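Work out the full structure, taking the sequences as your base and the hints as a guide.
There are 2 protein chains.
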Amino acid sequence: MLGARKRTLKYVGALAAIASITISIVHISESAAQGGKGGQLQPGTSTASNKAAPVFGIKIFPGYRDWALVSVAHEAGELNDIRAILGNDVAIKAYREGTLPFPDGAVIARIAWKYVPSEENDKAFGRPQSFVAGSAPDWYLQFMVKDSKKYATTGGWGFAQFNKDGNPSADAAKLETCFPCHEPAKARDFVFTRYAP
Amino acid sequence: MLGARKRTLKYVGALAAIASITISIVHISESAAQGGKGGQLQPGTSTASNKAAPVFGIKIFPGYRDWALVSVAHEAGELNDIRAILGNDVAIKAYREGTLPFPDGAVIARIAWKYVPSEENDKAFGRPQSFVAGSAPDWYLQFMVKDSKKYATTGGWGFAQFNKDGNPSADAAKLETCFPCHEPAKARDFVFTRYAP
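In order, the protein sequences belong to chains A and B.
Quick note, in the numbering used here, the first sequence goes up one by one and the last residue is 200.
Quick note, in the numbering used here, the second sequence goes up one by one and the last residue is 200.
Possibly wrong hints are sitting among the right ones.
Non-contacting residues of chain A with respect to chain B, defined by C-beta distances greater than 10 Å in every case (computed) [said to hold, decoys possible]: (1) Ala55; (2) Gly60; (3) Val93; (4) Pro106; (5) Asp107; (6) Gly108; (7) Glu123; (8) Asp150; (9) Lys152; (10) Lys153; (11) Tyr154; (12) Ala155; (13) Thr156; (14) Pro171; (15) Ala176; (16) Asp192.
Cut-off 16 Å, straight-line C-alpha distance, at most; resulting in silico cross-link-like pairs (EDC-like, lysine to aspartate or glutamate) [stated by the list, open to error]: (17) A:Lys189 x B:Glu123; (18) A:Lys62 x A:Asp168; (19) B:Lys126 x A:Asp168; (20) A:Lys126 x B:Glu186; (21) B:Lys126 x A:Glu186; (22) B:Lys189 x A:Glu186; (23) B:Lys62 x B:Asp150; (24) A:Lys126 x B:Glu78; (25) B:Lys62 x B:Glu186.
In case anyone wonders, no lab produced these hints; they're calculated from the structure.
None of these values were measured; they are calculated from a predicted model.
Note that the Cβ used here is the ideal one computed from N, Cα and C, for glycine as well.
What follows is the structure, encoded as structure tokens:
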């Protein structure tokens, strides 16, 4: 019985390894096609489902977790998250050169984690002061995608949101609130986040 | 006189351009040699001086601002900063694969900005809740560099700190406190920051 279970586990393990390699190859190809950096399967973000978010039809960009950093922020209140804003090569170049509006092809990714105190860090510092990235909230991953023709009615930007499992986590009604909310930042092409040098 | 000044400025400008190109080439070569991504001179961080920090002899790693994100944090209290932790390819690979100890060649960069409220974001959210990256404090940039032979007496890690102008901003006495402070994280090869997936 134990032997049979071992053999079954070995078989399942081999299948899983094949599946994992297949998924990795698919990701590398997709990433290369889009000119992104890296192509590994991202921990915590299965893009295997590859479902498009509603309204703007945006899918998760392979390799986004390797994009360069734009800036960081903490949203207190109900969100209570700590976040990183990343950009693909087109977005980062535009940010660094001060190009406005952002050119087509620019993509900005926002990753949020729950804002949690770190007991371990506090001990090292000798006082309670350290807050770090915890688990992923439902609004884990957002994208702003610049395509001045496709998204002409929303300032040239498409918006999407995904949870940590790679599934869209904002319905059409919610995504339609994105652009009106971004309108105060019109002078910076509707992008709130400034580049942190 | 104005003509002469113009010619002089043109000459100085040409020299500066050549110097800039030379520096860029040096950075690209260094970056390529170290397997880093990108090689452009980083805004806000002149590496032209390229001074080594004391004790461990570490210089600013060209292209570090393009490295992938490890995680984010907020240090309240006296520091009152918001920070991003980045890793070079060796460090990121080790983090994602759970490799401990980190292999030689792993470099972790920590960038800190002053923690400031964002009035603009608060208006968009309709309540005071948003904190973003402000100006650069004196402890702007830190590196942890893994070299198990060179830094054998400090757990295989060398430590350095630079200000936004690219100058070392921690003296020998201060840098010698880095390793003892990191000792509580011995089980994770003296690295406090965990990877945020």
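Consistency of the hints with the structure:
For Ala55 (chain A), the non-interface assignment is confirmed: its Cβ lies about 22 Å from the closest Cβ of chain B, beyond the 10 Å cut-off. No Cβ of chain B comes within 10 Å of the Cβ of Gly60 (chain A); the nearest lies about 25 Å off, and the non-interface call holds. Remark: the non-interface label on Val93 (chain A) is consistent with the geometry, its nearest Cβ contact in chain B lying 14 Å away (cut-off 10 Å). Even its closest Cβ contact with chain B, about 18 Å, leaves Pro106 (chain A) beyond 10 Å, as expected for a residue assigned away from the interface.
With a cut of 10 Å on Cβ distances, Asp107 (chain A) stays outside the contact zone with chain B, its closest approach being about 22 Å. At roughly 18 Å, the least C-beta separation between Gly108 (chain A) and chain B is larger than 10 Å, which holds for a residue marked as non-interface. Taking the minimum C-beta to C-beta distance to chain B, about 7 Å, the non-interface status of Glu123 (chain A) is violated against the 10 Å cut. Separation of Asp150 (chain A) from chain B is adequate, the least Cβ-Cβ distance of about 23 Å exceeding the 10 Å criterion.
No Cβ of chain B comes within 10 Å of the Cβ of Lys152 (chain A); the nearest lies about 26 Å off, and the non-interface call holds. Even its closest Cβ contact with chain B, about 24 Å, leaves Lys153 (chain A) beyond 10 Å, as expected for a residue assigned away from the interface. Taking the minimum C-beta to C-beta distance to chain B, about 19 Å, the non-interface status of Tyr154 (chain A) holds against the 10 Å cut. Annotated as non-interface, Ala155 (chain A) keeps its C-beta farther than 10 Å from every C-beta of chain B; the closest such distance is 23 Å.
Even its closest Cβ contact with chain B, about 20 Å, leaves Thr156 (chain A) beyond 10 Å, as expected for a residue assigned away from the interface. At roughly 19 Å from the closest C-beta of chain B, the C-beta of Pro171 (chain A) stays outside 10 Å, upholding its exclusion from the interface. Annotated as non-interface, Ala176 (chain A) keeps its C-beta farther than 10 Å from every C-beta of chain B; the closest such distance is 18 Å. In this structure Asp192 (chain A) is separated from chain B by more than 10 Å, as the shortest Cβ-Cβ distance comes to about 14 Å.
About 12 Å separates the Cα atoms of Lys189 (chain A) and Glu123 (chain B), which keeps this hinted pair within 16 Å; it holds. Among the hinted pairs, Lys62 (chain A) with Asp168 (chain A) is consistent with the structure: their alpha-carbon atoms are about 13 Å apart, no more than 16 Å. With a C-alpha separation of about 31 Å, the suggested pairing of Lys126 (chain B) with Asp168 (chain A) is violated against the 16 Å cut-off. Simply put, Lys126 (chain A) and Glu186 (chain B) have alpha-carbon atoms about 12 Å apart, close enough for the 16 Å limit, and the pair holds.
Restraint check for Lys126 (chain B) and Glu186 (chain A): the C-alpha separation of about 12 Å stays at or below 16 Å, so the hint holds. For the proposed pair Lys189 (chain B) and Glu186 (chain A), the alpha carbon gap of about 48 Å is over 16 Å, so the pair is violated. Restraint check for Lys62 (chain B) and Asp150 (chain B): satisfied, since their Cα atoms lie roughly 14 Å apart, inside the 16 Å limit. As the CA atoms of Lys126 (chain A) and Glu78 (chain B) are separated by approximately 13 Å, the hinted pair is consistent with the 16 Å bound.
Distance restraint check for Lys62 (chain B) and Glu186 (chain B): the Cα-Cα separation of roughly 24 Å exceeds the 16 Å cut-off, and the hinted pair is therefore not satisfied.
Of the numbered hints stated above, those contradicted by the structure are hints 7, 19, 22, 25, listed in ascending order.
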